[in-house]
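If you want the building blocks of each chain, they are given just below.
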Amino acid sequence: MLRGSSRQYAADVVPEAYCYMRSTVRRVLMLLATMIIVSFLTYAAFELISGDPAEAMLGTQATPARIAALRRELGLDAPFPVRYIRWLLGFFSGDLGVSYSYKQPVGELIAPKLEVTLCLCLLSFVIITLISIPLGVLSYQQVVGRFGWIHTTLNQLLMAVPAFFTGILISWGFGIVLRAFTPGDFPDLHMDPAGAFRHLLFAAVCIAIPRTAMTVRMMRSTVISEMEKDYVQTAISRGNDRQGVLLGHVLKNSLVPAVTFLAQTMAEIVAGGIVVEQVFGIPGLGRLLVASISNRDYPVVQAIVVILAFWVVLAGLAADLINQCIDPRLRLGGGS
Amino acid sequence: MLEIKDLHVKFHTRNREAVAGVSLTIHDGEILGLVGESGSGKTVTAMSVAGLLPRKQCSYSGEVLLDGQDLLHADRSILRKIQGRQIGVVFQQPMNAMDPLKRVGEQVGEVLKIHTDMDSDARKKAVLEAMEAVELPDPEAVFRKYPHELSGGMLQRAMIAAAIVIRPRLLLLDEPTTALDVTIQAQILELLKWLNAESGISMMFISHNLNVVRKLCTHVAVMQRGLVVEEGDTDDVFFHPQHSYTKHLIEAIPSRKHTAAFGKS
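So the protein sequences, as listed, match chains A and B. If you want this note's numbering, it's the position in the first sequence, counting the first as 1, plus 156. If you want this note's numbering, it's the position in the second sequence, counting the first as 1, plus 43.
Fair warning: there could be bad hints in the mix.
Claimed, not checked - Distance condition first, Cα-Cα at most 20 Å in a straight line; then the derived DMTMM-like pairs of lysine to aspartate or glutamate: (1) B:LYS145 / A:ASP476; (2) A:LYS408 / B:GLU192; (3) B:LYS99 / A:ASP483; (4) B:LYS145 / A:ASP483; (5) B:LYS236 / B:GLU172; (6) A:LYS385 / B:GLU149; (7) B:LYS156 / A:ASP476; (8) B:LYS145 / A:GLU384.
Keep in mind that the hints were calculated from the coordinates and are not lab data. Source: prediction; values computed, not measured.
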């Protein structure tokens, strides 16, 4: 008790710019490490499962001599570590290799598909964000109110329905019955952007439905726990009405966990997209990935997997940066 | 000015009444000290005055009259016009009572934003004046800081500034110095005393620390188990305690001899 003044000086002695730089460098290194580890694991996985690209390309009737020749031509006769290092060096010099089954440079092959998948993911992400944040805040009152159970049940239901199922329902309802789009016939993104957008929109809604339900639920529980905090009492004691408390204070405080959650969503959308792309016949990365895995088309699979890993890490990075804008306590250093 | 008549509050989750028939009066310019151990109903009494009772989770009866108007049963919309405008509240933990994501200046000026139609320049001017009145060093800098960048003592000053910036008639202080260390505690008490003398603002000061109450308050009410067991002029209560519980409390104060040994007055 007699220690005297315990005044805290929160501002660090270390200059802020230095901290920013250090955390940025650390993040970029982490990004690289993640991508290398993921690519290695994918390479290793193909080593463990059976199947040979040369056999897949030539068919079961091919003579062993031809297969051996093709393997040499593709560089598959080299031991596993050598092949991986070769790929890695190629990757860093911008050469993703040539697809075995399409005989096309991987970069060229992937670019248009990446475009489509990116549009699909961003679209469903926008839908999720625009719907779930306001709904989460609004549903706080609903849950507290009398009809909370309807809300909870509906939420559970939407969360439990798998995307491929809603995909089939929507394809049938909007595609076959209402003819709002033609399932399986995806218009070219550049020739007919409006048509492509309409097609993507239905797929995006499918991906968005379960994730929106999850985000609403998460947002609601965050708002409920924030409402218990002391600063809410202060806000009420100053004469804020419910709206003033919710929008003026609680919303912003609830955003940090929401942004983190949405970053995970961003990563998971891509996984959900693979299935939904199949259902709607959208020529995106997901379809290419599935086809390439069964063809043992290593270069294509590697490239896609690395892109997905990059995507996941990038989403986390974006979330961190956004959270730093929202919460000043996260700004210094990057630690704790 | 403030009159509490036979206030009863009982939370649904508890068996015992948190407040079991309290009647208190605060006249203009008075500082009433509300003393008692934790769970004696001090805070619940203050929360009833501030309109912060969770109405759905408790049953309540009696009257809380501010200039003759009942606050206890008043409509929320009426209450909101009084909260902040007529009654300012300062809480125990300044760190938690502040919204961590808003600049201190904005929070100090929040009452003005809600209750007046001042533009942001006028608000800022008023906020800086209030910050100066509570002796915050470098108000311009504090205005732009976030709560986590200030010390507990400075934050509590800012909370007081936020409560008085609109010049309310009553200030409710719920153990405002408990979370602070002794030197800062003394400074805050000086500040409150000065505010009372300068602007004539009435205060209800809640504390379990009799020493603090004796230094600051003009009147004292001692609470035990939801009841006011003794009430009166500060000197009367301290020199001629009637109730055995009050005597116990006063005996529990470290005597001057002991404190002198530690080199304090």
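Here is how each hint holds up against the structure:
1. B:LYS145 / A:ASP476: Given pair LYS145 (chain B), ASP476 (chain A) holds - Cα atoms ~19 Å apart, limit 20 Å.
2. A:LYS408 / B:GLU192: Holds: LYS408 (chain A) and GLU192 (chain B) sit about 19 Å apart, inside 20 Å.
3. B:LYS99 / A:ASP483: violated (33 Å)
4. B:LYS145 / A:ASP483: Holds: LYS145 (chain B) and ASP483 (chain A) sit about 9 Å apart, inside 20 Å.
5. B:LYS236 / B:GLU172: holds (18 Å)
6. A:LYS385 / B:GLU149: holds (19 Å)
7. B:LYS156 / A:ASP476: violated (32 Å)
8. B:LYS145 / A:GLU384: Satisfied, since the Cα-Cα distance of roughly 18 Å is no more than 20 Å.
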